[in-house]
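**Student:** Take a look at the letters that make up each chain.
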Amino acid sequence: DIQMTQSPHSLSASLGETVSIECLASEGISNYLAWYQQKPGKSPQLLIYYASSLQDGVPSRFSGSGSGTQYSLKISNMQPEDEGVYYCQQGYKYPFTFGSGTKLEIK
Amino acid sequence: EVQLVESGGGLVQPGRSLKLSCAASGFTFSNYYMAWVRQAPKKGLEWVATISTSGSRTYYPDSVKGRFTISRDNAKSSLYLQMNSLKSEDTATYYCARLGLRIRGYFDYWGQGVMVTVSS
Chain V
1 DIQMTQSPHS LSASLGETVS IECLASEGIS NYLAWYQQKP GKSPQLLIYY ASSLQDGVPS
61 RFSGSGSGTQ YSLKISNMQP EDEGVYYCQQ GYKYPFTFGS GTKLEIK
Chain H
1 EVQLVESGGG LVQPGRSLKL SCAASGFTFS NYYMAWVRQA PKKGLEWVAT ISTSGSRTYY
61 PDSVKGRFTI SRDNAKSSLY LQMNSLKSED TATYYCARLG LRIRGYFDYW GQGVMVTVSS
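Protein chains in written order, with my numbering: chain V, 1 to 107; chain H, 1 to 120.
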């Protein structure tokens, strides 16, 4: 199985700040990498797919990059509504696997 | 508007069975692969099963293979998850999710989730 190592486990950011979350796959996943945001008590929402494609309706302050085994999610101009837990997920090979999550809070 | 509404959760004893349902609307259900993803309390996400558009292909992780069965009824725009021989570690919120149309490696819409508790 492909292991997804996500970092950091948690972070806090000030309003307007730019933050990055990293995801490392145990083998190459050819950009089949998605990012999700989950708020307390809610279902996950897709932010980015195929490493860098922005899902419809997602603010442009969210962006994804990477290739091979290393990927990252960048949130520019941090907003209060960006608080939540972020997960990466590889869709290159079954079983699909998720990172352990990054909890993002407002400082 | 895409909607996925799960039902069928509840409290069940270890070793017993439970069947979850997901009613889909707002899109052509038969065109999409569908999946179940679960989340144990205070834990991360775990993919549980995927089914092809016709239902002819199914995929499972080792943790549920042989115990869970995913199925679909395209005429009813419904997805199902039959869970047998349930264990305490199956306790989780179960989400119905739609896979992307062209790139089927991600989940673009999720239901609100249904809770399954396995306990005596």
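Honestly, I wouldn't trust all of these hints.
[As the list claims (entries may be wrong)] Just so you have them, the derived chain V footprint on chain H, three or more residues with Cβ under 8 Å:
hint: 1; region: 39-47
hint: 2; region: 51-59
hint: 3; region: 110-116
[Stated by the list, open to error] With a straight-line Cα cutoff of 27 Å, these simulated DSS-like cross-link-like pairs (lysine-lysine) come out:
hint: 4; chain 1: V; residue 1: Lys74; chain 2: H; residue 2: Lys19
hint: 5; chain 1: H; residue 1: Lys43; chain 2: V; residue 2: Lys93
hint: 6; chain 1: H; residue 1: Lys87; chain 2: V; residue 2: Lys107
Note that these hints are calculated values from the structure, not bench results.
Just so we're clear, the structure is a prediction, and the values are computed from it rather than from any experiment.
By construction, the Cβ of each residue, glycine as well, lies at the ideal position given by its N, Cα and C atoms.
**Student:** For each hint given before, does the structure comply? Return the numbers of the non-compliant ones in rising order.
**Tutor:** 2, 4, 6
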